[in-house]
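Peer 1: Residues per chain, in single letters:
2 protein chains.
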Amino acid sequence: VPVSPEFQRIARYFKPLAGAEALGLADDAAVWAPAPGHEAVLTVDQMIEGVHFLADDPVNYVARKLLRRNLSDLAAMGAAPVGYLLTFAVPRETPEAWFAALAEGLAADQAEYRISLFGGDSASTNGPVSLTATLIGTARQGQALRRDGARPDDAIFVTGTIGDAVLGLEAARGTLADPTGCLTRRRLLPSPRVNLDFAGIAHAVIDISDGLVQDLGHICRASGVAAEVLADAVPLSEAARAAGPQWLEPRLTGGDDYELLITAPEAAGTALRAACGNVPLARIGRIKAGGPDVRVLDQHGNQLEFQSTGWSHF
Amino acid sequence: VPVSPEFQRIARYFKPLAGAEALGLADDAAVWAPAPGHEAVLTVDQMIEGVHFLADDPVNYVARKLLRRNLSDLAAMGAAPVGYLLTFAVPRETPEAWFAALAEGLAADQAEYRISLFGGDSASTNGPVSLTATLIGTARQGQALRRDGARPDDAIFVTGTIGDAVLGLEAARGTLADPTGCLTRRRLLPSPRVNLDFAGIAHAVIDISDGLVQDLGHICRASGVAAEVLADAVPLSEAARAAGPQWLEPRLTGGDDYELLITAPEAAGTALRAACGNVPLARIGRIKAGGPDVRVLDQHGNQLEFQSTGWSHF
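Protein chains in written order, with the working numbering: chain A, 1 to 314; chain B, 1 to 314.
These are calculated hints, taken from the structure and not from any lab test.
There's no promise every hint is true.
What the hints assert, rightly or not - Derived contacts from chain A toward chain B, CB cut-off under 10 Å, selection only:
| hint | residue |
| --- | --- |
| 1 | 4 |
| 2 | 6 |
| 3 | 40 |
| 4 | 75 |
| 5 | 127 |
| 6 | 147 |
| 7 | 205 |
Stated by the list, open to error - Chain B residues, not near chain A, derived (Cβ > 12 Å throughout):
| hint | residue |
| --- | --- |
| 8 | 39 |
| 9 | 108 |
| 10 | 114 |
| 11 | 147 |
| 12 | 169 |
| 13 | 176 |
| 14 | 188 |
| 15 | 197 |
| 16 | 249 |
| 17 | 269 |
| 18 | 272 |
| 19 | 273 |
| 20 | 275 |
| 21 | 300 |
As the structure is a computational prediction, the values presented were derived from the model and not from experiment.
Note that beta-carbon positions come from the ideal geometry of N, C-alpha and C, so glycine has one too.
So here's chain A without its partners, still in its complex pose:
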């Protein structure tokens, strides 16, 4: 039985990435069970050339960003990552180096986040390169963090800095200088805030993927509350600050941050900071009673009006 090029590639590039659950990538499916007292937490995201990444982005970074976008969703649920299933579709003439770089990126983040490949599917396409990853994590029974627990008077916190990735995209478009390369790096390789334990501290958590305003809006809708954000309190990197205040709206609505947004009682701030360890945490506003609404206020308390509230695919 001759082995097809597809299965040769699986053996060469992907078997070394496979965990025991993958059964050597030689069976129809993976077999896995969460540890006793734990539940599975499952999420999926896709990346398409020309939509989620640029045609000349290095493929090892594309692979890592794909994993990291999903890892950020697990982080928002308070789940510890375990493994993933991968699909990709590429043109038939894709050079061998592309597969090697894909595997190299996956291997780097498997080591970084202690996850392994459970299985997948590859295909040819006449269209743009596309990839999906289904991430599998675990949380203690009943302890997964949700979006629907925010309460009036909760303080609103975010990790890290906001708006770098969208400014990195502007830099790629040539509309903004990025002399240090910091903004570009944040666009290519986000840092999902995995393995922070907010159970018993946070009321609601979401990861910021579609823009701070829109994602905070999801918490407001799920929790039946409103939110006020102080624009000046939103943490900026030095590079984002250097870009200037005219980028305020893209920073708050542009997305691709993969930071966590957390609501918790004011008094829980110290515990929350302790749970964050070395990850920076900033208080940016407050949850209010009322229908779902996100108000961004300037330093005078006046509400800012934005053209866009965040990323929509349609």
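Given chain A's structure and the hints, the job is docking chain B onto it.
Peer 2: Coordinates of chain B only, in the frame set by chain A:
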């Protein structure tokens, strides 16, 4: 907070499909645990316009075939399906009716196979329509069926009939008449053989997705054995028989059957037939000692030579 068109679509078409595990499709990930004494069985497949389906295939059938291809992988592991995660990418100008038809197809097979939507991701694309499904099933601890248990002198069985879908593709290309529409129906809507309980009976199981010869080859490689198949014993539908013997090679190497191929001791045939219930089962050959090799024999015992051994994407 205005709701984006993307989230309006999620609410309209996909929330009605969501199980409790999906948390109303309003959180970052799904939460689910297998029943006590069970393991999770996980698989993913993609379908791309122009590769896995034709541009004018009805989208409700595309949705169902996507689920069924994955359900067939679970069936080959002896796993009971539970739920799925879905991704799709479509052009921005996709009409509302497309989403409605997608949801209708998913709903039909959710009812047929008693599964529910756990979560997903949608995106726009400038390329062909693409979809993936990650299927989640369960098997009793340690009871998942594998490809690596075939032993010399096992009989080889297949369910249903072989080769209809690839002839249905020839019909779509205009190279073959399909007066009854049977071949076309088999291409559009396979019947995965879920919920057959071969545990303790079968030595090895695989589903036939890339062609009988290639998929039997996977069992041979995983098990360290050879296989002999009697071409005349491979079960044909009336429509495939009517197409004529010149289609022998495509039938055995073309794929998209989503039938199960099972190896088991000769003496287990009766138990296997009983486990199949109403699903037809045919004995097509025998496992032999020796290196991985699939030999297809004609009625005189002479080995047939094929140009292709099965579907490869690259």
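Peer 1: Hint by hint, note whether the structure agrees.
Peer 2: Against the structure, the hints come out as follows:
The beta carbon of residue 4/A comes within 4 Å of a beta carbon in chain B, closer than 10 Å, and the hint placing it at the interface holds. A distance limit of 10 Å between C-beta atoms decides the matter here; for residue 6/A the minimum to chain B is near 5 Å, and the interface restraint holds. For the restraint placing residue 40/A at the interface with chain B, the shortest Cβ-Cβ distance is roughly 5 Å, inside the 10 Å limit, so the hint holds. Nearest Cβ of chain B to the Cβ of residue 75/A: about 8 Å, under the 10 Å cut. The hint holds.
With a least beta-carbon distance of about 3 Å to chain B, the hint placing residue 127/A at the interface is held under the 10 Å criterion. The interface hint given for residue 147/A is met, as the beta carbon of that residue sits about 5 Å from the closest beta carbon of chain B, less than 10 Å. Taking 10 Å as the C-beta contact cut-off toward chain B, the hint placing residue 205/A at the interface holds, the least distance being around 8 Å. With a least beta-carbon separation of about 4 Å from chain A, residue 39/B fails to lie farther than 12 Å from that chain, contradicting its non-interface assignment.
For residue 108/B, the non-interface assignment is confirmed: its Cβ lies about 22 Å from the closest Cβ of chain A, beyond the 12 Å cut-off. Annotated as non-interface, residue 114/B keeps its C-beta farther than 12 Å from every C-beta of chain A; the closest such distance is 18 Å. Non-interface call for residue 147/B relative to chain A: violated, since the shortest CB-CB distance, roughly 5 Å, does not exceed 12 Å. The non-interface label for residue 169/B is consistent with chain A: the shortest C-beta to C-beta separation is roughly 16 Å, beyond 12 Å.
Against the 12 Å criterion, residue 176/B stays outside the reach of chain A, whose nearest CB is about 24 Å from its own CB. At the 12 Å boundary, the C-beta of residue 188/B stays outside the reach of chain A, the nearest C-beta of that chain being 19 Å off. Listed as a non-interface residue, residue 197/B keeps its Cβ farther than 12 Å from every Cβ of chain A; the least gap is roughly 16 Å. Distance check for residue 249/B against chain A: the nearest CB is about 15 Å away, which clears 12 Å, and the non-interface claim stands.
With a cut of 12 Å on Cβ distances, residue 269/B stays outside the contact zone with chain A, its closest approach being about 23 Å. Distance check on residue 272/B: its Cβ is at least 18 Å (rounded) from any Cβ of chain A, clearing the 12 Å threshold; non-interface status holds. With a least beta-carbon separation of about 22 Å from chain A, residue 273/B lies farther than 12 Å from that chain, consistent with its non-interface assignment. Once the 12 Å rule is applied to beta carbons, residue 275/B is consistent with being away from chain A; the minimum gap is 18 Å.
No Cβ of chain A comes within 12 Å of the Cβ of residue 300/B; the nearest lies about 23 Å off, and the non-interface call holds.
When each numbered hint is compared with the structure, violations occur for hints 8 and 11.
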